[in-house]
Amino acid sequence: DAKTTQPTSMDCAEGRAANLPCNHSTISGNEYVYWYRQIHSQGPQYIIHGLKNNETNEMASLIITEDRKSSTLILPHATLRDTAVYYCIVRNAGGTSYGKLTFGQGTILTVHP
Amino acid sequence: DGGITQSPKYLFRKEGQNVTLSCEQNLNHDAMYWYRQDPGQGLRLIYYSQIVNDFQKGDIAEGYSVSREKKESFPLTVTSAQKNPTAFYLCASSPGTSGRSSYNEQFFGPGTRLTVL
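Residue numbers (the working numbering), protein chains in the order written: chain A, 1 to 113; chain B, 1 to 117.
A few of these clues could be false.
Restricting the straight-line Cα-Cα distance to at most 25 angstroms, the calculated cross-link-like pairs of lysine to aspartate or glutamate (DMTMM-like) are [what the hints assert, rightly or not]:
1. A:52 - B:105
2. B:83 - B:105
3. A:3 - B:59
4. B:70 - B:38
5. A:52 - A:14
6. A:100 - B:105
7. B:71 - B:24
8. B:57 - A:31
9. A:69 - A:31
10. A:69 - B:62
Hints listed in this document are in silico derivations from the structure and should not be mistaken for laboratory results.
Excised from the complex, chain A in its bound form (with noise of 0.2 angstroms):
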């Protein structure tokens, strides 16, 4: 699997956009970009997944740039409950080991009031 690079930690104002990057510069044709997140002391949340179109769901967007090296999840109007790690998972969708997802260390995004 494409091994992905994220910033250690990001801030936002509440209300804000936060715009969390992704770099994936070897990702392959057939993988695509799944983003998670988790709040302290919970279990991971998925929030969006996407191929090569931009992808929008009621959470969150997911901007990926036209060479695929890289993506952007967009958070419109972060919420101060928007506070967690949020991880960038590059993954294929089949083979043998379908589903066997491996989560780096992620970005801490803080919204603030």
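Given chain A, work out where chain B should sit, using these hints.
Just chain B now, kept in the frame of chain A:
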């Protein structure tokens, strides 16, 4: 409500004792997973199961054992052979359609924090 339950939330055991962590899901998911998380670290995969009566070792399976006798249950036993068992243990499940991107949409339980004294 549909979801994944793990019990208990906190568990204390003496060194040298085996302990079994419970994980149950009513999402009708084929695949289930066990992860371990240490303070300030990401998750590491212990074992996973794609279907009933089948499971595979993850990255750190030594000192752990699992069973998958029922689709909805995937208990994890932390044996005395596990050298550093104190950690936060997370169970997850995902849909079972191979090759679909949704297979990687894993749903996590609330976790069990195990402390070995």
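Hint check results:
no.: 1; hint: A:52 - B:105; in the structure: 17 angstroms, holds
no.: 2; hint: B:83 - B:105; in the structure: 31 angstroms, violated
no.: 3; hint: A:3 - B:59; in the structure: 16 angstroms, holds
no.: 4; hint: B:70 - B:38; in the structure: 29 angstroms, violated
no.: 5; hint: A:52 - A:14; in the structure: 29 angstroms, violated
no.: 6; hint: A:100 - B:105; in the structure: 10 angstroms, holds
no.: 7; hint: B:71 - B:24; in the structure: 9 angstroms, holds
no.: 8; hint: B:57 - A:31; in the structure: 22 angstroms, holds
no.: 9; hint: A:69 - A:31; in the structure: 11 angstroms, holds
no.: 10; hint: A:69 - B:62; in the structure: 35 angstroms, violated
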